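S.K.: Sequence:
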Amino acid sequence: MNTTTHRPVLLGTDGCEHSTAALEWAVAEAVRRDRDLRVLHAVPVTLGGIHALPAMEHQEAHAEQVVSETTERAHRLAPDLTVTTVRPVGDAAASLVHESRTADLVVVGARGRGAVAGAFLGSTSLHVAGHAHCPVAVVRHRADADTPRTAVVVGVDGSGNADAALGEAFRLADERGMPLVVVHGSTAATVGTHLAVVDSPELRERIAEYERSSTEHAVAGWRQKYPGVDVDVRVVDEHPVLALTDAAADAAILVVGSRGLGGFGGLVLGSVGQGVLHRAQCPVLVVRPESG
Numbered sequence: 001m002n003t004t005t006h007r008p009v010l011l012g013t014d015g016c017e018h019s020t021a022a023l024e025w026a027v028a029e030a031v032r033r034d035r036d037l038r039v040l041h042a043v044p045v046t047l048g049g050i051h052a053l054p055a056m057e058h059q060e061a062h063a064e065q066v067v068s069e070t071t072e073r074a075h076r077l078a079p080d081l082t083v084t085t086v087r088p089v090g091d092a093a094a095s096l097v098h099e100s101r102t103a104d105l106v107v108v109g110a111r112g113r114g115a116v117a118g119a120f121l122g123s124t125s126l127h128v129a130g131h132a133h134c135p136v137a138v139v140r141h142r143a144d145a146d147t148p149r150t151a152v153v154v155g156v157d158g159s160g161n162a163d164a165a166l167g168e169a170f171r172l173a174d175e176r177g178m179p180l181v182v183v184h185g186s187t188a189a190t191v192g193t194h195l196a197v198v199d200s201p202e203l204r205e206r207i208a209e210y211e212r213s214s215t216e217h218a219v220a221g222w223r224q225k226y227p228g229v230d231v232d233v234r235v236v237d238e239h240p241v242l243a244l245t246d247a248a249a250d251a252a253i254l255v256v257g258s259r260g261l262g263g264f265g266g267l268v269l270g271s272v273g274q275g276v277l278h279r280a281q282c283p284v285l286v287v288r289p290e291s292g
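When you number the sequence shown by the UniProt record's numbering, it's gap-free, plus one each residue, and the end is 292.
One or more hints might be untrue.
With a straight-line cut-off of 25 Å between C-alpha atoms, the simulated SDA-like cross-links for lysine to any residue are [stated by the list, open to error]:
no.	residue 1	residue 2
1	LYS225	GLY275
2	LYS225	GLU175
3	LYS225	SER159
4	LYS225	HIS127
5	LYS225	LEU242
6	LYS225	CYS134
7	LYS225	ASP34
FRET-style restraints, in silico, Cβ to Cβ [claimed, not checked]:
no.	residue 1	residue 2	range
8	GLU175	ASP36	16 to 26 Å
9	GLN224	ALA94	40 to 50 Å
10	ARG76	SER213	42 to 52 Å
11	GLU205	GLU69	52 to 62 Å
12	GLU57	SER123	20 to 30 Å
13	PRO179	PRO44	37 to 47 Å
14	HIS217	ALA78	18 to 28 Å
15	GLU69	GLN224	19 to 29 Å
16	SER213	THR150	24 to 34 Å
17	GLU60	SER213	51 to 61 Å
18	GLU17	VAL233	27 to 37 Å
19	GLN224	THR82	16 to 26 Å
If you are wondering where the hints come from, they were derived from the structure by calculation, not from laboratory data. Quick caveat: nothing in here was measured; it's all calculated off a predicted structure. Even for Gly, the Cβ is constructed at its ideal location relative to N, Cα and C.
Given only the sequences and the hints, what does the whole structure look like? Please build it.
M.R.: Written as structure tokens, this is what we have:
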């Protein structure tokens with residue numbers, strides 16, 4: 001039996017508005033993928049022995065309320081969806097990373113109740129996006145959530161991680177009947193502040209031509225696999241984070257690749273991935289190579 005066919009969409013929630021947006025997105029994705037939805041709410045560890053019992057009971061009651069309300073909302077959105085719940089005791093990020101080993105996709109809100117006021121991304125979301133064992137979608141609450149989103153955007157840089165992201169982006173665009181915008185932020189823009197020679201218009205043009213050719217080459221194989229997808233390749237003379245978030249301003253989803261294994265043996269995000277997660281207003285899907 002292929003157990004991957006039974007991997008659920010895993011939703012991390014704490015009941016805040018970002019979690020509500022993540023719930024709606026996770027339910028829709030579970031239905032698209034024909035997967036169950038698994039709802040996780042971590043119960044914080046309360047120290048203090050017997051004197052901490054009232055606080056522990058309060059946390060348990062709150063957790064029960066959150067998962068119960070989340071399950072009810074999920075069934076209102078998709079009555080036939082199978083929803084399971086888990087309430088581990090401990091750190092939310094660590095719990096989600098652990099559960100991601102048996103998940104098809106992890107979905108989290110961009111910021112939870114514990115985030116610093118004014119922060120654009122919570123530490124839980126960033127940690128999970130960087131260390132999960134499957135793709136991770138980070139969903140931000142938007143005031144204009146009802147505005148139609150009509151494109152999938154993907155960032156490429158020529159790496160194997162980017163190729164995995166390309167494959168997933170093509171699949172999503174094909175599945176949703178949306179055009180695909182492939183964005184490469186120019187190397188010249190990235191290093192221009194460090195190398196004065198890159199300010200040469202001639203050299204910048206040569207770099208742009210090379211990067212466009214490389215990007216088109218990276219896209220070619222996926223075009224053949226998904227001939228029905230309308231593809232717009234953009235090589236932008238702009239830092240990759242700005243290029244991607246500008247292109248994705250009205251997108252349905254932005255797909256980026258992870259950086260890969262870091263020095264401590266865990267999956268970590270590069271600066272572009274972190275920057276995109278902090279700035280993007282649309283859902284961001286972080287894809288690791290094995291999932292492409």
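S.K.: Now tell me if each hint is right for this structure.
M.R.: Okay, the hints, checked on the actual structure:
For a cut-off of 25 Å, the pair hint linking LYS225 to GLY275 is broken: about 31 Å separates their Cα positions. Under the criterion of a C-alpha separation no larger than 25 Å, the hint pairing LYS225 with GLU175 is consistent with the structure, at around 13 Å. A distance of roughly 19 Å separates the Cα atoms of LYS225 and SER159; the hinted pair therefore holds under the 25 Å criterion. Distance check on the hinted pair: LYS225 and HIS127 sit about 33 Å apart at the alpha-carbon level, beyond 25 Å; violated.
At roughly 29 Å between alpha-carbon atoms, LYS225 and LEU242 are farther apart than 25 Å, so this suggested pair is violated. Proposed proximity of LYS225 and CYS134 is supported: the alpha carbons are some 23 Å apart, at most 25 Å. In summary, the hint linking LYS225 to ASP34 is supported, as the alpha carbons are separated by about 22 Å, within the 25 Å threshold. Taking the beta carbon of each, GLU175 and ASP36 are about 19 Å apart, inside 16 to 26 Å as hinted.
Range check, GLN224 to ALA94: Cβ separation about 41 Å, and the 40 to 50 Å hint holds. Remark: the range hint 42 to 52 Å for ARG76 to SER213 is upheld by a beta-carbon distance near 50 Å. A beta carbon spacing of about 56 Å between GLU205 and GLU69 agrees with the range 52 to 62 Å that was offered as a hint. For the pair GLU57 and SER123, the supplied restraint of 20 to 30 Å holds, since their beta-carbon distance comes to about 26 Å.
Between PRO179 and PRO44 the C-beta distance comes to about 43 Å, which sits within the given range of 37 to 47 Å. As the Cβ distance of HIS217 to ALA78 is approximately 40 Å, the hint placing it in 18 to 28 Å is violated. A hinted range of 19 to 29 Å is violated for the C-beta pair GLU69 and GLN224, which are about 46 Å apart. Look at SER213 against THR150: about 28 Å separates their beta carbons, and that is inside 24 to 34 Å.
The given range of 51 to 61 Å is respected by GLU60 and SER213, whose C-beta atoms sit roughly 58 Å from each other. Distance hint check: the CB atoms of GLU17 and VAL233 are about 36 Å apart, consistent with the given range 27 to 37 Å. GLN224 and THR82 have their C-beta atoms about 36 Å apart, which leaves the hinted 16 to 26 Å range violated.
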